[in-house]
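For the protein sequence lines, the chains are B and W, in the order given.
What the first sequence shows, in our numbering, is residues 1 to 349, in sequence order.
What the second sequence shows, in our numbering, is residues 350 to 625, in sequence order.
In the DMTMM-like style, the derived pairs of lysine to aspartate or glutamate whose C-alpha atoms are separated by at most 25 Å in a straight line are:
(1) B:K212 - W:E493
(2) B:K81 - W:E593
(3) B:K81 - B:E36
(4) B:K78 - W:E593
(5) B:K192 - B:D328
(6) B:K212 - W:D401
No lab work stands behind these hints, which were simulated from the structure alone.
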Amino acid sequence: MTHTPHLFGRRSFTATLGLGSLALAAPRVARAQTREIVIGGAASHKPWFETHVQSAFERKYNCRLTFEGTRSLVNLEKMQKNKDRPYVSVVQMDDPVMILAVREGLLEPITAARAPNLARLKPGTVHMDGMWANYLQPWQGIAFNTNVLRTAPQSWTEMFEARFKSRIIVPSLQNTEGLPNLFMMAHLVTGKPMAEAYKDIDAAFAGLRRLKPNLLTAYSQMPQAFSLMEQGEAHMIIGALSSFGMQRRLDGAPVGMVAPREGIFPVPSGIAVVKGGPNQDLAFAYVNELLGAEIQNRIAPPTFALPTNLDAQTPPGMPSGVTVHPIDWAFVAENRTAWVQRWDREMAL
Amino acid sequence: MKSDRSLVGWLAAPAVFYLTIVYALPLTWLLARSMMGPEGFSLVLFEEFLGDPFSWRVIGNTLRIAGMVTILCLLIGYPVAFALARARGVVQVVLLAAIILPLSIGVVVKAFAWQIVLRRDGVVSQFLVGIGVWSEPQRLLFTEIGLVVGAANVFLPFMILPIYSVVKLIDPRLMEAGATLGVSPVSRFFRILFPLTLPGIVSGLAFVFSLAVSMFVIPSLLIGDRFQTLATLTGRSFLLMRNEALGSVTATVLLVLAVAIVLISSLLARRVGRFA
Numbered sequence: 001m002t003h004t005p006h007l008f009g010r011r012s013f014t015a016t017l018g019l020g021s022l023a024l025a026a027p028r029v030a031r032a033q034t035r036e037i038v039i040g041g042a043a044s045h046k047p048w049f050e051t052h053v054q055s056a057f058e059r060k061y062n063c064r065l066t067f068e069g070t071r072s073l074v075n076l077e078k079m080q081k082n083k084d085r086p087y088v089s090v091v092q093m094d095d096p097v098m099i100l101a102v103r104e105g106l107l108e109p110i111t112a113a114r115a116p117n118l119a120r121l122k123p124g125t126v127h128m129d130g131m132w133a134n135y136l137q138p139w140q141g142i143a144f145n146t147n148v149l150r151t152a153p154q155s156w157t158e159m160f161e162a163r164f165k166s167r168i169i170v171p172s173l174q175n176t177e178g179l180p181n182l183f184m185m186a187h188l189v190t191g192k193p194m195a196e197a198y199k200d201i202d203a204a205f206a207g208l209r210r211l212k213p214n215l216l217t218a219y220s221q222m223p224q225a226f227s228l229m230e231q232g233e234a235h236m237i238i239g240a241l242s243s244f245g246m247q248r249r250l251d252g253a254p255v256g257m258v259a260p261r262e263g264i265f266p267v268p269s270g271i272a273v274v275k276g277g278p279n280q281d282l283a284f285a286y287v288n289e290l291l292g293a294e295i296q297n298r299i300a301p302p303t304f305a306l307p308t309n310l311d312a313q314t315p316p317g318m319p320s321g322v323t324v325h326p327i328d329w330a331f332v333a334e335n336r337t338a339w340v341q342r343w344d345r346e347m348a349l
Numbered sequence: 350m351k352s353d354r355s356l357v358g359w360l361a362a363p364a365v366f367y368l369t370i371v372y373a374l375p376l377t378w379l380l381a382r383s384m385m386g387p388e389g390f391s392l393v394l395f396e397e398f399l400g401d402p403f404s405w406r407v408i409g410n411t412l413r414i415a416g417m418v419t420i421l422c423l424l425i426g427y428p429v430a431f432a433l434a435r436a437r438g439v440v441q442v443v444l445l446a447a448i449i450l451p452l453s454i455g456v457v458v459k460a461f462a463w464q465i466v467l468r469r470d471g472v473v474s475q476f477l478v479g480i481g482v483w484s485e486p487q488r489l490l491f492t493e494i495g496l497v498v499g500a501a502n503v504f505l506p507f508m509i510l511p512i513y514s515v516v517k518l519i520d521p522r523l524m525e526a527g528a529t530l531g532v533s534p535v536s537r538f539f540r541i542l543f544p545l546t547l548p549g550i551v552s553g554l555a556f557v558f559s560l561a562v563s564m565f566v567i568p569s570l571l572i573g574d575r576f577q578t579l580a581t582l583t584g585r586s587f588l589l590m591r592n593e594a595l596g597s598v599t600a601t602v603l604l605v606l607a608v609a610i611v612l613i614s615s616l617l618a619r620r621v622g623r624f625a
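Please model the entire structure based on the sequences and the hints provided.
Next comes the structure, spelled out in structure tokens:
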């Protein structure tokens, strides 16, 4: 009598179970050997992160990077909710949100000892004693419809001209990119240098009120604003982001982006290490790489931004020799709610 | 018999459980948060909000726009509901599809479409210039008119369908009976037909007003940041300004207003119906 092994016999079942468990556990074992850090950034950062940063960093440091793309305030909430056991190691957020994170003790200071490239940054790009630094400076200037305006505007004062009646769009003050317009208005109305003028908020609102007849709208959704301008309903966006405007031009839209003679504003692109986050050595290494010239030379052109490292090159097509007005984000954080309330009252339809 | 009844009651349990979790509990939390002052339970947040003239302007904006949208929907939707109820065969199917299919299109898409229609070189402006109403194209985008027209387009089915459901149940012979008694067509409408359609009108008003009073995306896209309503102020307080206290208060005021208006209109309709 021959014994036919039963397909679902005890031994074969045990063996199958063992092999299955091994197969299931293998990736976890492999992952356990590879260290990992989570980066909390903006959803719009993901393309350049994956193309220019992720694989290079993972190879160099034999680790894994996970990018969680969302809004800055959501990143802040993640840090607040997980303060006792943070799972995010590095955050890339707007400067105003960084201030809130500093106030709540959520960030670990960056030092030149732990991130040597910090010492090679342009003045005004390291904030609150190294709590965070700017790794890029997209900029804000004037975007215009090239089909309507054959010559690019040269000055911020052109927005007041009667030919632009209800043809101007500005970012709402509730959007971070809406704030620089306030400072430019103060500068234009008072005629004083920016460093003296920017705190004169009464003058700033006087300028905004003067602009009202020319305002088509104040946007909270940037794509909508560009869509209106490209269709010709609006002629200019005052305080437009280079990262969006120059991309639209590259896509073939009739959009011009100009740095007026009074200067431009840097868009806050900050990076910071989360206090108590996993693998702090890797977190500082990541920050150091993003503050370094090599990575900045790679990510500045596709993001249409100015690099912050002194050794990095300004990409072609970017404004050069124009004044970049730094923004006092502590002043902003202190007063923003009051400004938004004033905006609601004084700029209402 | 009794056990049957209790068994039937249990059928509602999943819905009750679901609504408790996703509606009642968050609503309770919202109301509690709005009554949490700096020194514990108080109405100080409401006092502050209602003591500010700007808040009354926002409340006024909210009610005015919701009212205008509701009235426009009623004016357009009432005759359409009759046409739908009286139509037969393919015509009725086409009409129903024309009313219901737009519901499958997202609000954002519709708002962007209206942005194109309402442009200075859009069809509305060109038409008004063409028939001589305007001498030159005027701005319609980011005005109250643009917002009301765009919102009415989105909410119109919610006015038509409740009225249609009532109209189709009305026996057409009632009007014929009125005619045989020598009642004029206008009197027949106001004394027979209109009172019978009041339940549908009230439902439509309640639906459209509730939706219009709390709309967030449509005003954000069609009129922008310079026109605040209670809903946009609530959204901004929670999402951007991180001001939970203000957001809870504006949301509570919005809720109270919406419920009050719907209840008042319902009571009014009952009274009108009784006298009609």
